[in-house]
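**Student:** Listed here are the chains, written in short residue letters.
There are 2 protein chains.
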Amino acid sequence: MRYSVIGMGNAIVDVISHVPDEFVDTHHLDRGAMRLIDAEEATRLYAAMPPGIESSGGSAANTIAGIASLGGRVSYIGKVRNDQLGEVFAHDIRAAGVDYQVTPGDDGDPTARCLIAVTPDAQRTMNTFLGISRNLSPSDVDEDLVASGDLLYCEGYLWDVDVAKEAITKGMDIAHRAGNRTALALSDGFCVERHRAEFLDLVEHRVDVLFANEVEITSLYEVDTFDEALQHVAGHCEIACLTRSEKGSVIVTRDEVHVIDAHPVERVVDTTGAGDLYAAGFLHGLAEGFDLGTCGRLGSLAAAEVISHLGARPEVRLADLATPLLG
Amino acid sequence: MRYSVIGMGNAIVDVISHVPDEFVDTHHLDRGAMRLIDAEEATRLYAAMPPGIESSGGSAANTIAGIASLGGRVSYIGKVRNDQLGEVFAHDIRAAGVDYQVTPGDDGDPTARCLIAVTPDAQRTMNTFLGISRNLSPSDVDEDLVASGDLLYCEGYLWDVDVAKEAITKGMDIAHRAGNRTALALSDGFCVERHRAEFLDLVEHRVDVLFANEVEITSLYEVDTFDEALQHVAGHCEIACLTRSEKGSVIVTRDEVHVIDAHPVERVVDTTGAGDLYAAGFLHGLAEGFDLGTCGRLGSLAAAEVISHLGARPEVRLADLATPLLG
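Residue numbers (our numbering), protein chains in the order written: chain A, 1 to 327; chain B, 328 to 654.
Chain A extracted, bound-state conformation:
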């Protein structure tokens, strides 16, 4: 059995609650931002939050679910505990059509969660407890599984933990030895700040397809303008996909540049997952052998679907949406 894409990332369940405005200040949260929290704060904050809804998330997991929705054969590597949120995560990702073989841990930290407090102004304040997902290690990277995927896709967030870093490196080396391709999403501007030198090295030596938004790519090369970053990234890896929200995206190789418009959206409800789903569309197009322009338009289409509703996974079958584009 071969996969088109295998994803690797933090397996996270989002817990979304509507909170009154003063909740953010009372609990000293970073309004509108994403912040890592520890077990103790996660427990305390979760107890204080009003009843919420759970939905499976995690950046690379969203991407992989998106590729499945487009009709691709995909697998995901990310760690959960044998607890209730772990069951939610595993159920959702399998229900999305993703092959998920990782054995849940039976001790240590619980399943990762992102506690999202939505204030009356519709702003999301995110508090992520990484839990057991931090323990993703080289031993979780099954050599046969990774070798069986045409492409291995990793999220940059993993780079925050040394053992997960080794897991990425091992995975990418397996992929390349097997003649497959690798992809990396830079994930977050702060993440790039923390690991700039290592990311530059990774992009040059181990990454074939890079995903980055404007903040991330200008931070990576420490330049002021998008165009300067564009000049740096050309040829630094095989393909770079630079996403720019409503300005669309730019795809760069050593020999080609494609400028792709954002897909029209009637009303932007929640931008969470836009980058994840862009990567889904692009990678699915690449796996299916479409030209880079079409891959980019498929990315824009998938991103447009996910920002038109709450939550970071598609609500309709993306394969149906993509039919007019792919003919």
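Some hints here could point you the wrong way.
[To be verified] Selected chain A positions facing chain B (in silico; Cβ < 7 Å): (1) Val223; (2) Asp227; (3) Leu230; (4) Val250; (5) Thr253; (6) Val257; (7) Val259; (8) Ala319.
Think of the hints as simulated: they come from the structure by calculation, not from any bench. Fair warning: this is a prediction, and the values are worked out from it, not measured in the lab. Cβ atoms here follow ideal geometry from the backbone N, Cα and C, with glycine treated the same way.
Assemble chain B onto chain A, guided by the hints.
**Tutor:** For chain B alone, coordinates are given in the frame of chain A:
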């Protein structure tokens, strides 16, 4: 005496009047569009219009005035009559710092004018009578003058008249024989429709620097998306500058692509002249030896100034605005 840029185009004076809404229907005008009218209709319409203001325009003339405002040494070739509007045009372009040596015609059609009816919704309905500007002929193209400009810039609108077409061809050939460069603005989507085959040939064989907006460039190559046009134009001429309104611009050569953001504007008042002034900034940057990214940013800056007020020529010295950018 050498010039950095010599411009060639229709020398037009804009006549702007505020009209009541029903004026557009009563006089059978094309609301919001640009339409060519004949002498008889021009006389009739001008008589019917309320008192207005005159301001010198013409696409290439606006560009040349913009380069002068940036500090470049420029000259302009375009035909006026020895009438009142001809005096207005010559006065304004000289007052803008442009060398203008063309002798006014003393018979035939009067000076070209664009009768602009502004309705209460701030929309501009344009009615252009080309008058004597249509008579621009090879004999108006002074060989010594054209040879003395590092670049000859022509507007596509000229291509509508056979004798002006010969004038462009003669000018471009003189420029190339003298080792100078040539530039063409496609001017208008309808203009491209009318002359597609000839424009394709011109771009391939005689044009070094091409300016086109999204409608024009997709029409030129008869493609649906901006990205497809981008792939066609790469290498078709030395440098292509593709402007995209609020999406900024893309500069394409055989080996380089630059993606340039629009310069921020507090309030867009009137977009007339945006493309003309982008060309001014870009060409001035090119003449001064700046890299293509900086040329593009200079184009965005000049376009931003002109759309922040009524009228198609800069209201402040662009050289001052450009100082922070050029250091």
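**Student:** Can Ala319/A be said to touch chain B, with a Cβ gap under 7 Å?
**Tutor:** violated, 22 Å
**Student:** Minimum Cβ distance from Val257/A to chain B below 7 Å?
**Tutor:** With a minimum Cβ separation of about 4 Å from chain B (threshold 7 Å), the hint on Val257/A holds.
**Student:** Mind checking the CB of Val250/A against every CB in chain B and telling me if the closest is under 7 Å?
**Tutor:** OK, holds: Val250/A within 7 Å of chain B, min 6 Å.
**Student:** Tell me if Leu230/A is really an interface residue toward chain B, meaning its C-beta lies closer than 7 Å to one of theirs.
**Tutor:** holds, 6 Å
**Student:** Checking hints one by one. Is Val259/A an interface residue toward chain B, by the C-beta closer than 7 Å rule?
**Tutor:** For Val259/A, the interface hint holds, since the closest Cβ of chain B sits about 5 Å away, which is under 7 Å.
**Student:** Given Thr253/A as an interface hint, is the shortest Cβ-Cβ distance to chain B below 7 Å?
**Tutor:** violated, 11 Å
**Student:** Hey, does the Val223/A contact hint survive, CB to chain B under 7 Å?
**Tutor:** For Val223/A, the interface hint is violated, since the closest Cβ of chain B sits about 11 Å away, which is over 7 Å.
**Student:** Can the hint on Asp227/A be confirmed by a CB-to-CB distance to chain B that is less than 7 Å?
**Tutor:** holds, 5 Å
In the structure shown, a violation is registered for the earlier hints numbered 1, 5 and 8, in ascending order.
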